[in-house]
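Chemist: As they're listed, the protein sequences go chains A and B. Sequential numbering of the first sequence, starting at 303, is according to the numbering used here. Sequential numbering of the second sequence, starting at 9, is according to the numbering used here.
In short, the hints are calculated from the structure, not lab data. Do not take every clue at face value.
Unchecked claim - Simulated pairs of lysine to aspartate or glutamate, EDC-like, Cα-Cα distance not exceeding 16 Å: (1) A:476 - A:365; (2) B:310 - A:396; (3) A:400 - A:383; (4) B:310 - B:286; (5) A:400 - B:316; (6) A:479 - A:407; (7) A:403 - A:416; (8) A:400 - B:314; (9) A:403 - A:424; (10) A:472 - A:407; (11) B:324 - A:416; (12) A:429 - B:316; (13) A:479 - A:383; (14) A:403 - A:428; (15) B:324 - B:314.
Spelled out, the chains give:
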Amino acid sequence: MARGENQEAQTGNVPAAAPGPKPASAGAGKGAEGQSVVRRLQSELMALMMGGDPGVSAFPEGDNIFNWVGTIAGSAGTAYEGTSYRLALAFTAEYPYKPPKVRFDTPCFHPNVDAHGNICLDILQDKWSSAYDVRTILLSIQSLLGEPNNDSPLNTQAAALWANQEEFRKMVEKLYKPAA
Amino acid sequence: MGHSDAASPAPAPAARDARKKRGNRTAAKLKQSKLETRRGQWLNNSGQGNDGKDAKVAATPTGARSNAGSPILASPHPPLPRRRVDSRSRGSDPEDREEAGATGLEIGGSDLDSPMHSPGSDKSQGSGCGAQRKGFSGNGHGPSPSSGSSVWSSSRSVSDAEEDTGCPEDENEVLDDWEAAADALYDDDSHCHHSSVPTTPPPAPTTAPPANAAGPETIRSKARAWAPDDKFRPQSLPSISKQASFPASIGNSWAGMGMTAAQQGILSLPVSCPICYEDLDPTDSSFLPCPCGFHLCLFCHKRILEADGRCPGCRKQYNTASAVEEGGGGAKETTVGTGRQMANIAPVRLFRSCSMGPRY
């Protein structure tokens with residue numbers, strides 16, 4: 303899968319998504335803890351594959367279950383309708399007590415997403431709960447697309463343009479570069 | 009049919025046994041033909057009507073039920089040569105054999121009833137046994153309580169031994185063993201009822217060697233005796249409940265999001281921790297650290313307390329939440345209190361935590 307390899311190389315270059323030593327090895331250092339994280343991630347993966355949520359999917363990237371690639375589809379009736387975004391999720395050995403690092407891989411024109419794909423979403427930071435999982439994260443980001451928080455924008459241009467949905471839609475389409 | 013003395017495990021007269029056996033076989037044939045349609049019917053009835061009848065039957069002072077039960081189980085008692093012929097003819101077809109066993113069981117279980125209600129296959133045997141057990145427990149107040157219970161247990165051992173027989177060549181041996189096993193179990197049960205650690209069976213007054221007699225019995229107690237929270241249960245055994253509950257637990261953890269879900273958490277108890285996905289043991293299940301009703305295991309709770317200390321279900325601080333709800337009792341105190349309450353389960357917890365490695 304050329305796509306997957308490409309993806310891996312990409313995330314490898316971004317320190318935010320993939321911290322130098324692979325999280326897997328960090329988990330291995332902690333033994334049982336890393337094991338329980340792996341178990342939880344495997345359970346989530348199985349649930350995601352069985353659940354079949356429309357517009358949301360995720361799968362581990364390569365052999366490393368600590369790095370996932372997620373896909374969300376823009377909800378109908380929003381400026382993102384018809385688009386599909388890939389995200390990189392990097393879990394630590396402290397998951398689910400600590401949130402994973404989530405980043406847009408596909409460029410996304412959105413008030414709460416910066417040029418590097420970083421997402422400003424409360425549940426990925428201070429409002430994180432260990433009861434969240436990959437599925438709820440992706441669903442939250444999907445709904446964030448249609449309902450941005452324009453009070454604390456990372457992309458001020460997008461925040462300013464939000465009021466004009468027609469123009470906003472044009473910008474979304476212009477900057478949208480779907481993954482190969 | 010077969011109202012022989014349950015208390016005396018002596019062989020029944022051969023003539024009557026032969027008749028009975030023939031009856032069994034024809035009954036089995038009949039049963040096979042109507043099995044599929046009846047099974048549903050029986051399953052429906054077994055819930056209400058059958059149980060009621062069983063209870064009634066069990067209440068009769070004659071202890072007819074236990075008597076009815078014994079001949080089947082005692083059917084290996086009859087003259088062995090003839091039995092061997094039977095077994096050889098059946099031996100080729102394991103299903104047939106199984107069915108014959110089920111039929112035997114059923115005759116014991118329901119000949120006072122309508123035969124329609126009997127379990128025809130070993131699939132429904134579980135519920136059949138349940139009904140039987142009910143009858144016997146009721147019978148326990150009858151004139152011969154010990155015989156009743158012993159018959160029950162021996163019946164189980166026999167049916168199990170039958171299931172355990174792998175190849176037809178072993179059939180004869182096992183048939184011989186039935187008697188010994190039943191006797192051994194009889195003695196065993198009168199001393200210690202269903203001890204999970206198999207003791208050496210007392211010498212059985214039969215031709216079968218005691219070692220053989222111990223064989224099937226040991227297997228059966230090992231195969232079935234482990235309760236999920238048994239502290240003697242080997243950790244290597246797969247947890248069926250875990251596997252079966254897996255999707256449900258996932259669903260629960262999904263539903264566990266947000267406030268509405270917190271309430272759902274009360275209504276439908278999750279079987280595994282929504283945080284770490286480990287099974288919840290009884291201590292964990294009764295552990296409600298937050299008034300929002302969000303369930304989680306003690307390990308995860310402790311870990312969250314060491315971090316920000318907020319309930320994953322409602323994001324409120326555990327300390328304040330439980331302080332408001334339980335009148336000053338901190339979350340940590342709650343934990344300890346719960347642990348002490350469930351002191352009898354403590355060994356289980358310890359065992360579990362050991363098996364999971366150094367998590368804390």
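Chemist: A separate judgement is required for each hint: does it hold in the structure or not?
Modeler: Going down the list of hints, with the structure as the test:
{"no.": "1", "hint": "A:476 - A:365", "result": "34 Å, violated"}
{"no.": "2", "hint": "B:310 - A:396", "result": "14 Å, holds"}
{"no.": "3", "hint": "A:400 - A:383", "result": "31 Å, violated"}
{"no.": "4", "hint": "B:310 - B:286", "result": "15 Å, holds"}
{"no.": "5", "hint": "A:400 - B:316", "result": "10 Å, holds"}
{"no.": "6", "hint": "A:479 - A:407", "result": "10 Å, holds"}
{"no.": "7", "hint": "A:403 - A:416", "result": "14 Å, holds"}
{"no.": "8", "hint": "A:400 - B:314", "result": "13 Å, holds"}
{"no.": "9", "hint": "A:403 - A:424", "result": "12 Å, holds"}
{"no.": "10", "hint": "A:472 - A:407", "result": "20 Å, violated"}
{"no.": "11", "hint": "B:324 - A:416", "result": "31 Å, violated"}
{"no.": "12", "hint": "A:429 - B:316", "result": "11 Å, holds"}
{"no.": "13", "hint": "A:479 - A:383", "result": "14 Å, holds"}
{"no.": "14", "hint": "A:403 - A:428", "result": "13 Å, holds"}
{"no.": "15", "hint": "B:324 - B:314", "result": "15 Å, holds"}
Comparing the model with each earlier hint shows violations of hints 1, 3, 10 and 11; every other hint is respected.
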